[in-house]
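Participant: Residue numbers (the working numbering), protein chains in the order written: chain A, 1 to 347; chain B, 1001 to 1347.
Keep in mind the hints are simulated off the structure, nothing from the lab. Errors might be hidden in some of the hints.
[Claimed, not checked] In the EDC-like style, the derived pairs of lysine to aspartate or glutamate whose C-alpha atoms are separated by at most 20 Å in a straight line are:
#1 A:K271 - B:E1300
#2 A:K271 - B:D1061
#3 A:K335 - A:E300
[To be verified] Quick look at which bits of chain A chain B covers, simulated, 3 or more residues with Cβ under 8 Å:
#4 7 to 15
#5 146 to 152
#6 264 to 275
Please read these numbers as outputs of a predicted model, since none were measured by experiment. All residues carry an ideal CB built from backbone N, CA and C; glycine is no exception.
Protein chains: 2
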Amino acid sequence: MTLSRQVVLRRRPRGLPLAEDFEIVSQPMPVIAAGEAMIRTLYCSLDPAMRRWMDEDSYSDPIPLGAPLRCLCLGQVQESRNKELRSGDLLLAMGTVGQHSIVPEGRWFSRVEPSGNWPLSRYLSLFGLNGMTAYFGLLDIGRPQPDETVLVSGAAGSVGSLVGQIAKINGCHTVGVAGGARKCRRLIEEFSFDAAIDYRNRTLAQLTADVRAACPQGVDIYFDNVGGVVLDAALAAINDRARLVECGMISLYNLSERGAGPSNIWQIIAKRATMRGFLGREYLDRFPEAIVQLRSWAREGRIQTREHVDVGLERFHEAFLRLFDGSNEGKLMLKIADPDQGDAAGP
Amino acid sequence: MTLSRQVVLRRRPRGLPLAEDFEIVSQPMPVIAAGEAMIRTLYCSLDPAMRRWMDEDSYSDPIPLGAPLRCLCLGQVQESRNKELRSGDLLLAMGTVGQHSIVPEGRWFSRVEPSGNWPLSRYLSLFGLNGMTAYFGLLDIGRPQPDETVLVSGAAGSVGSLVGQIAKINGCHTVGVAGGARKCRRLIEEFSFDAAIDYRNRTLAQLTADVRAACPQGVDIYFDNVGGVVLDAALAAINDRARLVECGMISLYNLSERGAGPSNIWQIIAKRATMRGFLGREYLDRFPEAIVQLRSWAREGRIQTREHVDVGLERFHEAFLRLFDGSNEGKLMLKIADPDQGDAAGP
């Protein structure tokens, strides 16, 4: 019998996940029903939201104990009982951290149609959900105007670094917040930010002063990937009618007790600001327009992308922790397998 | 020389304002410049935001020490060097807590044109900024749909009680939060709320349970007048794509230290919610349509309004504190003078 290896949730983590919270198990190959397809996973995207899904009070359905972890996968169809999908097709879809996943009818995000010489991994970063999140979150929710100031937290990360670059292309003053001098240098040198703020070991009062100094005209758009004290400092510096684009609050995801919220929340009223939470996948039907634009900017060298690829399911725990200690050097993913070129070409 | 009495700020309050923070002084009558008008104040509207203006870090320009307090006034033009205003005209305008105010050119909110038998005070409550704030905050920002659940804090207050009634007229399930059994009874009996929650002496966990019990379908719109723990409890119960209409955070205005913010702020992302701060006066150019609609609902008996009128400048401190101990029984205002009927009729 052919087996498929999966990373399952053994125990709900308290705080930072421990290796013992997960286990790699070999299971019989999944059997697909009419309308479904089975994909062989090429890359698993490792994202902060996955930490939340491990909690009992998760905002999506919590993962049951003993069940495989969920993640965004770039996979190749191995078997299909869906007439729109053929063996060899490449898909972005929610799947499991494992070798194979079932894709229910109509439930994939998008078909991956490689063009140019982009590595396949790019379809999980710049041309994947991260790129879509940065593109639509900034342009559609933030609605930047030339000369406005855009403050981005998690700015060295896969979403934040794109937000900064897209804001710059749109004529904004861009300020990034990241952890550590090396990442802050990278914001300026690689991702074209106008200024960088190192949040490490800073109090709210210090961070507030940092934000005000780096944003002398105030903050028109705050693109938030971290929540916590950086959100609080950003609120202290927002302009009238500021937009707070709430993409993530990674600083909270490993807290076993909910911490205090932002003490400057009253600024929302004082500045008649809008704070909006969103998910990149809300924009599914507009992904193609974003991909065309991002490809063009990337070809012109106006957008730089970094990826951090760890290899093999057994590296899952070690790799996943990078999201929280910041040791990943770009969009974090786990490579599981190479595409089957023969199938991919297809008849 | 004719004098004009004004309440001036002597000292910035710490926490709840003390009587000694204010002083009534007699000043020479203001002299108007070209384009300006002088109004005789009939009613001063007493509003929570006035407490904020007394702080150094106020969100509008802080009131200088020794200067008169600012408030919304219903006044009658006594002298005009503006060609659009005639002696006797009635206006809603920002002015001072005092007998007379200068109205700069084009800086009044609206002309008051009494019709029907409404008492003049109604133009500071239902047909004034409170009514406009409730009407546009709920309908334009909240955008209620039939059968949605609308949760309102400060629900027995001048804005909150209108929000509940307008939401009910729009076919929503309405739940009000207020302080004390008497006000909660009033929510149901007088303001047609479907359910009432008494927030007094309740922990966050208890309030969260109360909100969930009163909103079995979850909260689609939270109209916030208080911030603090009620906001936190509301966040815990919001539905996907909820709208949080941020009108005020009175629970914070007397804190000498900023308290912690809402610990459930991450729900904004989890539920893809929108939180928007606004001021009723953003809708200045649409006031007339709201007044027509509110008059019609009030005539049909579908909207009840309560007013609490204290009389005389010397009552300012005592009256103002009602906003914070909840002892006012409706829209709070200070009556300063009666209109001059002769002038009001005009030539």
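Participant: Could you run down the list of hints and mark each one as holding or not?
Facilitator: Results for each hint:
1. A:K271 - B:E1300: Since the Cα atoms of K271 of chain A and E1300 of chain B sit roughly 37 Å apart, the hinted pair is violated (cutoff 20 Å).
2. A:K271 - B:D1061: Roughly 13 Å between the alpha carbons, so the hint for K271 of chain A and D1061 of chain B holds.
3. A:K335 - A:E300: violated (28 Å)
4. 7 to 15: The restraint on the region 7 to 15 of chain A is violated, since only 0 of its residues have a Cβ under 8 Å from chain B and three are required.
5. 146 to 152: Per the Cβ count (0), the hint is violated.
6. 264 to 275: Three-residue rule met by the region 264 to 275 of chain A, so holds; n is 12.
Violated hints, in rising order: 1, 3, 4, 5; the structure is consistent with all others.
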